[in-house]
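Asks: As they're listed, the protein sequences go chains Z and X.
Just add 5 to the spot in the first sequence (first one is 1) and you have the numbering used here.
Just add 5 to the spot in the second sequence (first one is 1) and you have the numbering used here.
No false leads were mixed into what you were given.
What the simulated footprint calls covered on chain Z by chain X, stretch by stretch (three residues with Cβ under 8 Å from a Cβ of chain X suffice, anywhere in the stretch; the number is not a length): (1) 23-32; (2) 54-63; (3) 159-172; (4) 180-191.
Don't read these hints as lab results, they were simulated from the structure.
Backbone N, C-alpha and C fix where the C-beta goes; we use that ideal spot for every residue, glycine too.
Protein chains: 2
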Amino acid sequence: MAPKRIAFLVFPRLTFLDFVGAYDALRRIATMSIDPAVTHRIIGTERRIVDETGLVLTPDAVYEDLGSFDLLYVPGGLGTRTLMNDGQLLDYLGTWGSQRPLASVCTGALLLGRAGFLRDKRATTHHSAWELLRPLCREVVTDRRIVDEGQVVTAGGVASALDLGLYLVERFWGVAARQTIAAQMEYRAYSEVCERRAP
Amino acid sequence: MAPKRIAFLVFPRLTFLDFVGAYDALRRIATMSIDPAVTHRIIGTERRIVDETGLVLTPDAVYEDLGSFDLLYVPGGLGTRTLMNDGQLLDYLGTWGSQRPLASVCTGALLLGRAGFLRDKRATTHHSAWELLRPLCREVVTDRRIVDEGQVVTAGGVASALDLGLYLVERFWGVAARQTIAAQMEYRAYSEVCERRAP
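Given the sequences, and given the hints that come with them, work out the whole structure.
Replies: The structure is reproduced here in structure tokens:
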């Protein structure tokens, strides 16, 4: 089932491109009328989100109940090192449960790992964080940008967000949608960088 | 001379990835200590900037005097169609003068063109806006992602912002800086997509 309601998590000291790289692809599902009924919300851990370098973003909501969403997207950034030990955030992620798909880019995987989503799964993250991720998953994949384990899709660092966004577009809305959106984005790099889960 | 003070322009209905794609590379000049003295400011045309799809950004300043900056970056987005006829913005861009370098991605080129910066120059923009750009420059380049005409560097659509950011890093801080930053960003696409100006 293709998602209808997408939640993007943002938090202090995130890496903005981790978020926007995939956001740009996914928001086009609606704006390019592939499915105009798809909506999204930017959900913050605070009312005013300041990224690693001072960009100030106002999210749509703070810790909004995730019950009505069917895809959750978690970026990375230096702020993950604090949030890895933030009980409120980990409990919040835990409410997502074991059925609905969720995705991380870069060190967002550390948050998914700490929340228990990667316990029996392979995963990836920014190359600087492979060792931090190792105890939180079954196996750290170091030679792929995208690791799809079914419920959980993790991607590598920063610019991998563009690949992840397009990968999710293809997974849920098909190859033609991914091609249309990549062309509109003028993104030419998406290619054989993705790994699908074993059948 | 490598820039020390970078101004990023943001405006209503910009395309966020147009901005963040290059921002991520350029802000790393300071954060990765290639030149810790480099600073930047996010300058808005309004105090509260809402992008094409509802993202809300608070800029550092509104119509801040450009006198102290030495690189100006202009993203694109649907908002450019209105701003192309906005006297205040065009006058503001005009204060940049004919000496200091400036760069646009996507339909940001329409703003540079309307402000007169492309009159005798080749330029590029998002493929959907080639016809709009044609009367504003000497020649629209349709087969390159980046067109460097010396003072003015223009780039293609959306995801071209990542290439442009890395291109500017290389132009001003050297190949090694570009390679270091691209590796940290895990961006693997930057390659032969750039065109340098004729010697």
